[in-house]
Amino acid sequence: MSEERTIDKFKQTFLEEAREILVELESALLALNENRGDNELVGRAFRALHTIKGSGAMFGFDELAAFTHNLENAFDEVRNGRLQVSSELINLSLAALDHIKAMLDEAGGCGEADSAVSAEILVKLRQLTGKAEVHPADAVTSPPLAPPAIAVGAARDWQIRFSPGADLMRTGTNPLLLLRELKQLGSLQIKASMAAIPPIGELDPERCYISWDMVLTTSVAREAISDVFIFVADSCELTIELAAGPAIEQTARRTIEATAAAPKAKSPPWGRRASDTPDNATSIRVPAAKLDQFVNLVGELVTVQARLVEVAARREDADVAAVSEEVERLTTALRESSISIRMLPIRATFERFRRLVHDLARDLHKEVELTIEGADTELDKSVIDQLNDPLMHLIRNSMDHGIEPSEARLAAGKRPSATIHLSARHSGASVLISVADDGGGINAEAVRERAVEKGLVAADAQLTEAEIFALILAPGFSTARQITDVSGRGVGMDVVRRSVETLRGSIDIASKPGSGTTVTLRLPLTLAIIDGLLVRVGRAYFVLPLATTLECIELTRQDIEQANGKHVANVRGEIIPYIRLREYFNMPIEQLEREQIMVAETEDGHYGFVVDEVLGDHQTVIKNLGRFYRHVELISGATILGNGSVALILDPQRLVRDAIRAISLATRSLGKHADVRVAARPRAQGVAAPSVAAGTMACP
Amino acid sequence: MPVTLDQSEEVCVLRLEGEVDIACAAEMKQLLLQALGSGKELRLDVERATELDVTALQLLWATDREARGSGRGFTLAGRVPGEISVAILDAGFEKFPVGVAPK
Chain A
0 MSEERTIDKF KQTFLEEARE ILVELESALL ALNENRGDNE LVGRAFRALH TIKGSGAMFG
60 FDELAAFTHN LENAFDEVRN GRLQVSSELI NLSLAALDHI KAMLDEAGGC GEADSAVSAE
120 ILVKLRQLTG KAEVHPADAV TSPPLAPPAI AVGAARDWQI RFSPGADLMR TGTNPLLLLR
180 ELKQLGSLQI KASMAAIPPI GELDPERCYI SWDMVLTTSV AREAISDVFI FVADSCELTI
240 ELAAGPAIEQ TARRTIEATA AAPKAKSPPW GRRASDTPDN ATSIRVPAAK LDQFVNLVGE
300 LVTVQARLVE VAARREDADV AAVSEEVERL TTALRESSIS IRMLPIRATF ERFRRLVHDL
360 ARDLHKEVEL TIEGADTELD KSVIDQLNDP LMHLIRNSMD HGIEPSEARL AAGKRPSATI
420 HLSARHSGAS VLISVADDGG GINAEAVRER AVEKGLVAAD AQLTEAEIFA LILAPGFSTA
480 RQITDVSGRG VGMDVVRRSV ETLRGSIDIA SKPGSGTTVT LRLPLTLAII DGLLVRVGRA
540 YFVLPLATTL ECIELTRQDI EQANGKHVAN VRGEIIPYIR LREYFNMPIE QLEREQIMVA
600 ETEDGHYGFV VDEVLGDHQT VIKNLGRFYR HVELISGATI LGNGSVALIL DPQRLVRDAI
660 RAISLATRSL GKHADVRVAA RPRAQGVAAP SVAAGTMACP
Chain B
0 MPVTLDQSEE VCVLRLEGEV DIACAAEMKQ LLLQALGSGK ELRLDVERAT ELDVTALQLL
60 WATDREARGS GRGFTLAGRV PGEISVAILD AGFEKFPVGV APK
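As you go down the protein sequences, you meet chains A and B in turn.
Sequential numbering of the first sequence, starting at 0, is according to numbering that gives the first Met the number 0.
Sequential numbering of the second sequence, starting at 0, is according to numbering that gives the first Met the number 0.
Worth flagging that the hints you see were computed from the coordinates, not collected in a lab.
Hints are all accurate, no fakes.
Below are the EDC-like pairs computed for lysine to aspartate or glutamate, each with C-alpha atoms no more than 16 Å apart in a straight line:
#1 A:LYS190 with B:GLU93
#2 A:LYS182 with B:ASP89
#3 A:LYS190 with B:ASP89
#4 A:LYS100 with A:ASP113
#5 A:LYS100 with A:GLU19
#6 A:LYS622 with A:GLU632
#7 B:LYS94 with B:GLU82
#8 A:LYS182 with A:ASP156
#9 A:LYS565 with A:GLU582
Here chain B stands alone, though its shape is the one from the complex (with noise of 0.2 Å):
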């Protein structure tokens, strides 16, 4: 499964792994509106993720954007595979959508 939640008592954290793209996008949103929902912190692990697609991309655009309208953080647990990082750079995003800058 490429798209997973963990839940603990204060964090949700979102788990990429693999090849995310199109066919778990829908998927992808349930979950963060789950995790939205809870109100608790939000964390993003893609440390397993060999790649993102735009479907993926946009879809944590917009859960960065909603949870720091709504006060709270999301924030990347672990660290971005290189590969990733440039493949983003490439799509023109100017940082990693969730918080952090890519190395």
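Chain A extracted, bound-state conformation (with noise of 0.2 Å):
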């Protein structure tokens, strides 16, 4: 029974590492399509498809093996210059790149591949690599082939040291069929040690004690090599190093590889896995739940131990206090490193969007071309899992509506092809991220003139060119009816805004008529634990973000009396606007002879928030507050304090947009000439307030 589990386990690796491999593939696929003389795609992609291949039938997928035998052939014929690349190869090997997807899917459990689309997709391969055979003509007035990239050049001597951990066989590989695999590469001198063979009565028949050493003299790359050992590099010991003294007629490629292999060479060659890559050596695959159980632990961890500190101040007692003060230290280092380890960097989703751009090019007829800049920025593995949608609908809006047909970007004297530039960056507790388009830019008084037939601001109204770009974001703008061919953005733009509140970040558009719009995320790092300052208001607990916190000042009576009624502090020359939190959340007045202002940065400059009493630095582990006060912005979650209570997580951000819009809204209404003053008393104009009673939530 264990064993089948076990089995089920590892088709379940084959599944997962072949949509990585997938991925691979569509890369260099598309990758090949805008460079189609690079044999080394070539060779990218045949050896995915091999690997695919081979995998996929050592595991049963015997299906799948044989769709996806018939395409490595088709990329066999290019490799050795027998078939052209052609757009029609390209887009036929797409479409059955997504048909092996369905399978996998459907091997998975989830979704049904269409038998029809898979007879359908072998027919159209069958035409195209037979009229390659049946016209060479086609071949010779195409720029001429380099030889195949895999292979490349002289054949070398690797010596291969293959040793199966002690479940491989357990999990249904058979050692030899991995080394039938291997012979076919190139030519093979094999021998199998026997020498970890126990006495038979202490043998477990079930495991392999069989090692091997050999050495494969071939011309392909190390990593087709590594390739055959792709679904049991977790449980073999392998190495992979060139034999000493290969023939030396290299080209700059392979010193490369050579000198990666060298350090290798000098690592102890047993007792340690150095496998195919350095990063295969020292990672191993954890699955996203138990991550996420891990990272609930240590949030459930950091709560306690606030709880313990807590409970030390109380005994005073010095022995109770040193141990809690070692706990929050180690807490403190386990939270940082369990937030670390769920960090990802951002290039597999944007790598994604190179298809999604390519097929939209071409349904569109638009020349696009998409470029990557700081994929490797990490992110939190959660915040990652839901950029898809809204980069998706940026994207699409872009080549939809902001790129221009090339005669139209011809005539305004620009290139043909487009750009669409992705890119990702860090900023303080914040990643930027970015979609910007070289196409016609958004037609402001367009978006304008629609937003005053749709009633969402007065005909008369004042608006900055931001404002006018927000109004795109507004609910229900987006179900608009396409104001002009340039600038009709707004379809999914909803979705956009949702999925960035959902994520507690906040997007900016930017947009120059004729030259383009940018579309800036601005997201948090993370959502699971940050640091906080925690302070009181009447008998109510919030958390400030700690990230966007400058400073804490004093707020005297005299302070404010200064002031005029205003809220506004002068803090060292600087006139800061302040929003007191007891007036904005409804709390009964008290008058205080001391109040605190704790100054956070904002996007839109230095704001003051009032508060009674600043309490201290605290890890806030990042509770939701439930469907029911989804629609509250102001607050970004829940903690638990120490003695049980709950605060609040404040969004500084939205609790100083919330304000300036309520003001502006109030001054529109009461016409130019009113009276504004910033950041004062929004709820006092009348304006729909956070619905959440801040104090009854924050005191059960």
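Given two chains presented individually in distinct reference frames, assemble the corresponding complex, making use of the accompanying hints.
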């Protein structure tokens, strides 16, 4: 039984890894489409297909293996110069790739692969490869192919040691099949070592004790060799090294390969797994759910630790205090390391859009190039998981409405080929992700007219450009008909807005007529635990994110009087507007002698938040407020304090935006000459305010 | 049954048939231990085997070592099918685990 389960687990691993290989295949195909003479790319595509086929067959996915085999054959033809890379081949390969994906989904128990699609692709593939054989003249008209990339020149000798781990056989893997596959790559000298076989009485019959030393003479690259072992890499010891003294006639590429192999030669070849790539040798694969569970547990630990600190403070016992401090130090370290484990580069998400851009460009008959910057920027896994949809809508929008047809671009004196630039970079505790195009830009006047028409703004309202662009994100605006060809952004923007809000992020739109639009998403680095400052207002506790908090200053009665009732403070000569949380949340007004202003940095400048008391820093485990409070924008979640009470986590950015919006709406409704006081009592102006009663929530 | 043990007065013959793989490895080990414990001459019959996997090969290899250590023979009864010989050479064995070199 457990054996079956283990095999299932390995099938699962195969499915996961095969999906990763498909991503690699897709990027190779798309790059090949741009650069059709690049044999290295042909090699990459071929290797990916070969691996999927081989491993698929090994794990019993015969249909998948057979289908992939046909595609692999086509690329073999390309490698050997008998078939040219054409749009037809690329598009067919992409369709085949989608079908393989569907087959994997089917094998994984979700979805169904359509066998009619399979048959159609195979027929077309046959026509394509057949045509190449019938008309060899085609090849003459195209640029001659360099020698296949996978065969990088003269054959070299690779020394390979393969020692299956204890569990390899139980997973249904047959090492002899791996050796057979290896043999297909070149000429293989092989020697089995029986040294590890114990006396028969002690021998575990289901374990492989045999290891192999091999010399493979081949012209294929190292990756092709390690690909053979890709699905057993975790359960075996494997070294692949260039044999000493190979023929030296090297291109730069090969020199790099050789040097890459060199450090491995120095590391102990046995006892530790030195696998195909450095990454594989030092990383392990963990299911995402386990990681989530780990971070949740760390979160619980942080909460318990807060209670310990509280108890220790009450006890006034030096021993308990010492332990409590030690635990606090360790918890902080554990928290930081658990968060860092969840951080992933955004590369995979970005790369996925190459396909979208390729397909859309084909469908819309536009020439569009996707450029990517900062793909190594790391973000919390849960943030990355939710980024796909908003980015897709933004790119679709850019391609659909932003980018003009080639003729229009030429007429406007632009390059016929447009560019969409995806970029990511860190900025404080946030990550900025932007989608920029060099299209026609947003027609601000048209957006404005449409907004007036829909009753979103008054006809005579004075709006800045940024305010007009922000209208695009207003709910309801997205369902508007397209305004003009150039400025019809709106489709899906509502989705973007909602997704980004779920992530507690914000959106910034910049556009210049004629030269393009940039949409920037500002997202928090993590959604799990943040450093916060715990403050008290009346009997309610709040947490402000430490990352945005600049300083904490005192606000006395006298200061308030000097400001003539305006909500501004003079901080070393800088005038800082503030929001009194007590008023903002409609809590009973008390005349306190001293209050505290927390000065925070927001996108709209420095703002203050007035609280009764600052209690200190707090490792804040973010808990969602639940569905009922989903519409509450100003609160990004709640956390449980050491004494068991609840503190709400405030979003300074949203608070400030809400206050500004309230004032400007109030100003508009009052007419142009209204007395505008920055950040003054938004609730008093009758603007809809957060319906969460902070006081009651915080003190249940 | 891919693995059987025939015992006469002086000889134990282990007979392997069809695909001999991890599924019958545990049973094969028991039969080999039984044969070794009997103190009789050991013979191996693989004429009707189509495939021997790594688990079978290492069991045969360990039995051969044990039998030779105790001064007894473990030899082939009959021929080794061609495909098995090729597979064993492909697996990096210099010779068949049991005494006789493959053809």
